[in-house]
Amino acid sequence: MITLENVTKTYAGETTIGPINVQIPSGGITSLVGPNGAGKSTVLTMMGRLMSPDSGRITVGGLDVAQAKSNEVAKTLAILRQENHFVTRLTVRQLIGFGRYPHSRGRLTVEDERHINEALEFLNLTALQDRYLDELSGGQRQRAYVAMVLAQDTEYVFLDEPLNNLDMSHSVQMMRQLRAAADDLGRTVIVVMHDINFASRYSDNILAMNDGQVTHFDTCADTMKSSVLTEIFGTSVRIIDDIDGPLAVYF
Amino acid sequence: MANTMTVPVETTSNFINAKHRRRWLISLIGLIVVAVGLTIATIVYSNPMPLGSNGFWKIAEARVISVVVIAVVALSHSFATVAFHTVTANRIVTPSILGFEALYGLINTAAVFFFGALGATLTRGIVSYFFQVAMMVAFATLLYTWLLGSKFTNVHTMLLVGVVMGAGLASLTTFMQRMLDPNEFDILTARLMGNISNASTEYLPYAVPIVLVVVTWLWLNSRRLDTLSLGSAVSTNLGLNHRTELIKVLIAVSILMAMTTSLVGPMTFLGFLVATMAYSIADTYSHRAIFPISFLLGYVLLTGAYFVLRHIFYAQGAVTIIVELIGGLVFLIVIMRKGRL
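Residue numbers (the numbering used here), protein chains in the order written: chain G, 1 to 251; chain U, 1001 to 1341.
Each hint should be verified, as a subset may be incorrect.
Per the computed footprint, the stretches of chain G lying under chain U, defined by three or more beta-carbons under 8 Å from a beta-carbon of chain U, are [stated by the list, open to error]:
#1 45-56
#2 75-84
#3 92-106
Honestly, the hints are just simulated from the structure, not real lab data. Using N, Cα and C, we set each Cβ at its ideal position, and we do this for glycine too.
For reference, chain G alone in the conformation it holds in the complex (with noise of 0.2 Å):
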């Protein structure tokens, strides 16, 4: 369980975001959605304790993410920015192994390279694991990224707009590992989404940013609907129904 209570964050002295009340439950995926500048990724951002709130408290898994010991919270959770550079030239199997920091505190074990072997197999970068980062396709660098988050073997997983800079096929194909991680792996996964029919076709539910506000949060048969995802966007939504569920048409 993921509590926000009265969080609230004020940037520039005019964007202001919350205060937000709000409980995500554990288990499955959740989506952020919303339109540019709604606060979504500063949310996710607090949530994951890389920032800090103005006022309000967070609690994750039942941790207080800003007063518990940081090496405790990086067991329970791990974020995944948008934006990651390093100075160090990483190979894949490397950048996983730093995941498992929190862990080993450096010095990997068997239970260490274990994970790391599962991570590299799940998001099959298993044939990759000796290539540099900077060698790998956006893709390819994404799922690594991706992959160093899993291996932290954490029970919730934050990811900030994974599908970023990756194309149709590549998208879905990271959406059914997120799905395969929250359903085989019992994680609790929130992401950043931009797509709110990926969102819809993958997550259980959606949260609804507007304004530094939450405005929905529910089930996807429930947002998925013409008035809610209008509001929501600020732009007229038509929704169509799929064999595969509904579908929102908005051009």
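With chain G held as given, fit chain U onto it using these hints.
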């Protein structure tokens, strides 16, 4: 995760493959051999007294002190620069940018400016040594805590402020130097040029243990530094308190830089040179692999320059000139061949 049985038995190494590890090991051994050779050469080469006589040992002893000075300088510059690069997640800017050398210049210039030639001797006591060190560490620590405590939490802002403050201190120094009389200016210049043979050796009994303690601390924290090099967001995600770690490491860097600067004066280019070459040779994120290479490179470079100056050119000039000339060339060659930093 199904199919764990089919997972191949692989391990994660600091080095991409055995070839890289071997190359690192060969470089390390090669550097050790060269370092030992140069040390022996520096101590015994063209000693005018017969081997084993009393006079021989006296001369050798004086040279051993120079070797110790070189070791302290090489240790400080290499560890400080690598650690600094790591915590600031950049590989271009070195601690000198923090206004260290500018502050050193200012303190010495101010002493001569206000007290004349007497001032130059004033800055040489043990008390004033610790005063200088304390000033430099305090200056750097204040800057970091102020900047990191405020909303400018990004490293680029901090570096920019460092550059501006360094430039400010330097121009203040230049201003005072213009008003000095030529004799005083001459005395001052000798202090402000990095110089091994004219090192303030009376500080060695204090500098050696302090440098050793700080360097050992950095060495023991190597794995933490490996993770810090991934930047603020990733290292926080992995359970490190990035800001605390950053301040701790920057204080360690300040102490090392203060030690070496007050011992031999500024050596602006040395740290950057040895760190960059060490990254290139080691080709790994692992600080346990990078630190020894960068220290040995610094040591070899300095003893080599010292030996050449002293025994081949018979000049006792500034080592920095050779370091910057030879080192700069080697650096350019390495970069050109590799095509990246």
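Checking each numbered hint in turn, tell me which of them this model violates, lowest number first.
No numbers; nothing is violated.
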